[in-house]
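Given the coordinates of chain A, work out where chain B should sit on it, guided by the hints.
Chain by chain, the residues run as shown.
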Amino acid sequence: MVGIITYGVYIPRYRIKVEEIARVWGANAAEISGGLGVFEKSVPDMDEDAATIAVEAARNALLRRKVDPGEIGAVYVGSESHPYAVKPTACTVGEAIGATPNMTAADYEFACKAGTAAIQTCMGLVASHMITYGLAIGSDVSQGAPGDALEYTAAAGGAAYVIGNDDPIATLNHTASFTTDTPDFWRREGQNYPRHGGRFTGEPGYFKHVKGASNLLLAQTKKTPKDYTYAVFHQPNAKFPQKVAKDLGFTAEQIKPGLVVPYLGNTYSGASPVGLAATLDIAKPGDTIFVCSFGSGAGSDAFDITVTDAIKDKINRDAAPSVEKLLKNPIYVDYARYAKHKGKLVMQV
Amino acid sequence: MRDVAVIGVGCTKFGEHWERSFRDLFVEAGALALEDAQLSGEKIDAMYVGNMSAGRFIEQEHIGALIADYAGMASRHIPSTRVEAACASGGLAFRQAVIAVASGMEDIVVAAGVEKMTDVEPGATTDALTGAADREWEGFVGATFPGLYAMIATDYMHKYHMTREQLAQVAVKNHFNGARNPIAQYQQEITLETVMKSTMVAEPLRLFDCSPITDGAAAVIVAPLDRAREFTDTPIKVLATAQASDTIALHDRRDISTLDATIAASEHAFRMSKLSHKDIDMVEVHDCFSIAEICAIEDLGFCRKGTAGKFTADGETALGGTIPVNTSGGLKACGHPVGATGIKQVFEIVQQLRGEAGKRQVENAKIGMTHNVGGTGATVAVHILGRV
Numbered sequence: 001m002v003g004i005i006t007y008g009v010y011i012p013r014y015r016i017k018v019e020e021i022a023r024v025w026g027a028n029a030a031e032i033s034g035g036l037g038v039f040e041k042s043v044p045d046m047d048e049d050a051a052t053i054a055v056e057a058a059r060n061a062l063l064r065r066k067v068d069p070g071e072i073g074a075v076y077v078g079s080e081s082h083p084y085a086v087k088p089t090a091c092t093v094g095e096a097i098g099a100t101p102n103m104t105a106a107d108y109e110f111a112c113k114a115g116t117a118a119i120q121t122c123m124g125l126v127a128s129h130m131i132t133y134g135l136a137i138g139s140d141v142s143q144g145a146p147g148d149a150l151e152y153t154a155a156a157g158g159a160a161y162v163i164g165n166d167d168p169i170a171t172l173n174h175t176a177s178f179t180t181d182t183p184d185f186w187r188r189e190g191q192n193y194p195r196h197g198g199r200f201t202g203e204p205g206y207f208k209h210v211k212g213a214s215n216l217l218l219a220q221t222k223k224t225p226k227d228y229t230y231a232v233f234h235q236p237n238a239k240f241p242q243k244v245a246k247d248l249g250f251t252a253e254q255i256k257p258g259l260v261v262p263y264l265g266n267t268y269s270g271a272s273p274v275g276l277a278a279t280l281d282i283a284k285p286g287d288t289i290f291v292c293s294f295g296s297g298a299g300s301d302a303f304d305i306t307v308t309d310a311i312k313d314k315i316n317r318d319a320a321p322s323v324e325k326l327l328k329n330p331i332y333v334d335y336a337r338y339a340k341h342k343g344k345l346v347m348q349v
Numbered sequence: 001m002r003d004v005a006v007i008g009v010g011c012t013k014f015g016e017h018w019e020r021s022f023r024d025l026f027v028e029a030g031a032l033a034l035e036d037a038q039l040s041g042e043k044i045d046a047m048y049v050g051n052m053s054a055g056r057f058i059e060q061e062h063i064g065a066l067i068a069d070y071a072g073m074a075s076r077h078i079p080s081t082r083v084e085a086a087c088a089s090g091g092l093a094f095r096q097a098v099i100a101v102a103s104g105m106e107d108i109v110v111a112a113g114v115e116k117m118t119d120v121e122p123g124a125t126t127d128a129l130t131g132a133a134d135r136e137w138e139g140f141v142g143a144t145f146p147g148l149y150a151m152i153a154t155d156y157m158h159k160y161h162m163t164r165e166q167l168a169q170v171a172v173k174n175h176f177n178g179a180r181n182p183i184a185q186y187q188q189e190i191t192l193e194t195v196m197k198s199t200m201v202a203e204p205l206r207l208f209d210c211s212p213i214t215d216g217a218a219a220v221i222v223a224p225l226d227r228a229r230e231f232t233d234t235p236i237k238v239l240a241t242a243q244a245s246d247t248i249a250l251h252d253r254r255d256i257s258t259l260d261a262t263i264a265a266s267e268h269a270f271r272m273s274k275l276s277h278k279d280i281d282m283v284e285v286h287d288c289f290s291i292a293e294i295c296a297i298e299d300l301g302f303c304r305k306g307t308a309g310k311f312t313a314d315g316e317t318a319l320g321g322t323i324p325v326n327t328s329g330g331l332k333a334c335g336h337p338v339g340a341t342g343i344k345q346v347f348e349i350v351q352q353l354r355g356e357a358g359k360r361q362v363e364n365a366k367i368g369m370t371h372n373v374g375g376t377g378a379t380v381a382v383h384i385l386g387r388v
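Note that the protein sequences, when read in sequence, are chains A and B.
Residue numbering for the first sequence follows this note's numbering, beginning at 1 and increasing consecutively.
Residue numbering for the second sequence follows this note's numbering, beginning at 1 and increasing consecutively.
Just chain A, with the same shape it has in the complex:
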């Protein structure tokens, strides 16, 4: 059965606290943290971008399980911060892990859900025997304009999944998507930062689509929230996934392992994939996982996943850092250094 062969995550080591961003803009940090449930966010180094993060995550996946890179027939990288407008990140990743040249590749963009769209594409290609393995990545150095509400959460990180048929550590039993033309968040060609519809991103955006895909998956699989050990929802902040989980009937315990946003921030295309990875980090054979991503614009992909015995003997989870480990021992930066790292300072050429 098609499933996850291995997975890997990468999160830059730098962090900035919400308080530090609030200090610069004269905002009330306690109120922002209280409202969003986010306390700090990851910051990329000066030479890190969506491509380097994707490569690190892919390499971490391959450290956990020996997969012949030559048998990876497809690489898809989902991001809204691809370093090039024209020139695929996926080729850089393919080359870096030795999967080129006998492979297909493309970059995906669907706001925060391009990573799960990449997983779905690989599922189809593997199930139809067009490829042996597919590599699906969600990776972002998320963008948020200085002073905008997004700046408090827009973080950096990503996760990579090798999808295949051969002894998966977790089977991808079913997927369902819910998509509409809803302009809640956008960035036009040439613009540095995304714009958004404020409160419009909530109910008509996130909640409508996450509930739409989740309910569709539950109806198609004839399952209820009680049938799952864990659940992971897209996490632009801590409040939204907690509310949608409660509304759908999932408990706080079910979403706890995958709710990484409070000390990571929103890694956009990486967010749901990193949440799933944090859940796989602690999962046992037989555990069932419900995942639902969200991308503005807008759509959601939901997955029904079962962890198999292979997670014990076919993969060495300790060969690459867990999400918990990646979140430990951060190096805190002030706003000035954050601005430098994020390229917000215009420097002499």
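Rather than coming from a laboratory, the hints here were simulated on the basis of the structure.
All of these numbers come straight from a predicted model, not from anything done at the bench.
Please note that the accuracy of each hint is not assured.
In silico BS3-like links for lysine-lysine, alpha-carbon gap of 25 Å or less [as the list claims (entries may be wrong)]:
no., chain 1, residue 1, chain 2, residue 2
1, B, 197, A, 243
2, B, 310, B, 159
3, B, 305, B, 278
4, A, 239, A, 208
5, A, 222, A, 243
6, B, 278, B, 237
7, A, 87, A, 344
8, A, 239, A, 211
9, B, 13, A, 211
10, A, 256, A, 328
11, B, 359, B, 13
12, B, 43, B, 237
13, B, 197, A, 239
14, B, 366, B, 274
15, A, 17, B, 197
16, B, 13, A, 208
17, B, 13, A, 243
18, A, 256, A, 312
To give a feel for the contact side, a few chain B residues facing chain A, derived at Cβ under 10 Å [stated by the list, open to error]:
no., residue
19, 18
20, 200
21, 213
Label pairs and their computed distance ranges (CB to CB) [to be verified]:
no., chain 1, residue 1, chain 2, residue 2, range
22, B, 123, A, 190, 19 to 27 Å
23, B, 234, A, 31, 45 to 53 Å
24, B, 41, A, 34, 49 to 57 Å
25, B, 21, A, 284, 45 to 53 Å
26, A, 339, B, 127, 23 to 31 Å
27, B, 141, A, 104, 56 to 64 Å
Backbone N, C-alpha and C define an ideal beta-carbon position, used for all residues, glycine too.
Using the frame of chain A, we list chain B on its own:
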């Protein structure tokens, strides 16, 4: 002049109607009002619609023709007129409809109000609303409505020593009422602490001192009183209609924490109706900010200047108090789709007078008042309505 009665009312739920358009909203409100009056569209002689800023909010002008068209009146070619007086647009639209019937020019007239405010980002909404103030002397130099009302609040608190807690009680009371109103945008009760701990917007006003951004529409139908029973068993008579104006800029006023236009309009309304304050069973006042309700109940004459804070904190304006104020939840809890607010106030008073206000019903309500303000008090409309 002929006596005029309200024969039908309708109102959409107020809130963030992301999936509904300006047109959807006023068509729903109009249909509800027609249904309430058991009237078909063919009987309508004229329409007035209060709308502040469709040009800014949805890039649509020519609202009079638009609503006539979408109400199915285009082929009947009835006169349909947009009325604009910022947040008092609805109150003035109602007054125009009343005048049209009273004069004998028209018989069955719709007065509607509509605003769709969530199609643009909040910054654009705030700027559009600033157009209700003096753009050259206030808006261009950075004053926003929260800022202007914050100046009123600061001046008022300095002069009359009202406490911050007393001011907060306006919002607590209005949320209590909103929690009992099925059309209200916010239907949850709040505590004093909710207000006191909410985000500072413009000192001393906090988030819960401010009315929200709202989509909504309301419509009422007026007719000559002597024909009213053709349509309804419970006609509500318009006992007074009054309107007053003042300087558009706050700084040009004699006293910035007294709305002289409110005083002028209410005095006119009381004279016209030959009623006094003790005759009024409940009043819908224009609480765009908590301080606005404090000023309103004083300037309308329900309590002495400088005492409205204590009056409110003592529960005199609550349901069961001596003069229930904003039983609908007011602009704060029911919501404030600016052009619709003045009509919604009439909708609320009519419901109260018919005994249809459910959990927020004022016992044995016979006479009610509405008070609708444009800007910081440059236009005020006051109406008195009563059971027949």
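Hint check results:
no.	hint	result
1	197(B) - 243(A)	holds (23 Å)
2	310(B) - 159(B)	holds (14 Å)
3	305(B) - 278(B)	holds (17 Å)
4	239(A) - 208(A)	holds (15 Å)
5	222(A) - 243(A)	holds (23 Å)
6	278(B) - 237(B)	holds (18 Å)
7	87(A) - 344(A)	holds (23 Å)
8	239(A) - 211(A)	holds (15 Å)
9	13(B) - 211(A)	holds (24 Å)
10	256(A) - 328(A)	holds (17 Å)
11	359(B) - 13(B)	holds (17 Å)
12	43(B) - 237(B)	holds (20 Å)
13	197(B) - 239(A)	holds (19 Å)
14	366(B) - 274(B)	holds (15 Å)
15	17(A) - 197(B)	holds (23 Å)
16	13(B) - 208(A)	holds (20 Å)
17	13(B) - 243(A)	holds (24 Å)
18	256(A) - 312(A)	holds (22 Å)
19	18	holds (4 Å)
20	200	holds (8 Å)
21	213	holds (9 Å)
22	123(B) - 190(A): 19 to 27 Å	holds (22 Å)
23	234(B) - 31(A): 45 to 53 Å	holds (48 Å)
24	41(B) - 34(A): 49 to 57 Å	holds (51 Å)
25	21(B) - 284(A): 45 to 53 Å	holds (51 Å)
26	339(A) - 127(B): 23 to 31 Å	holds (29 Å)
27	141(B) - 104(A): 56 to 64 Å	holds (60 Å)
Of the numbered hints stated above, none is contradicted by the structure.
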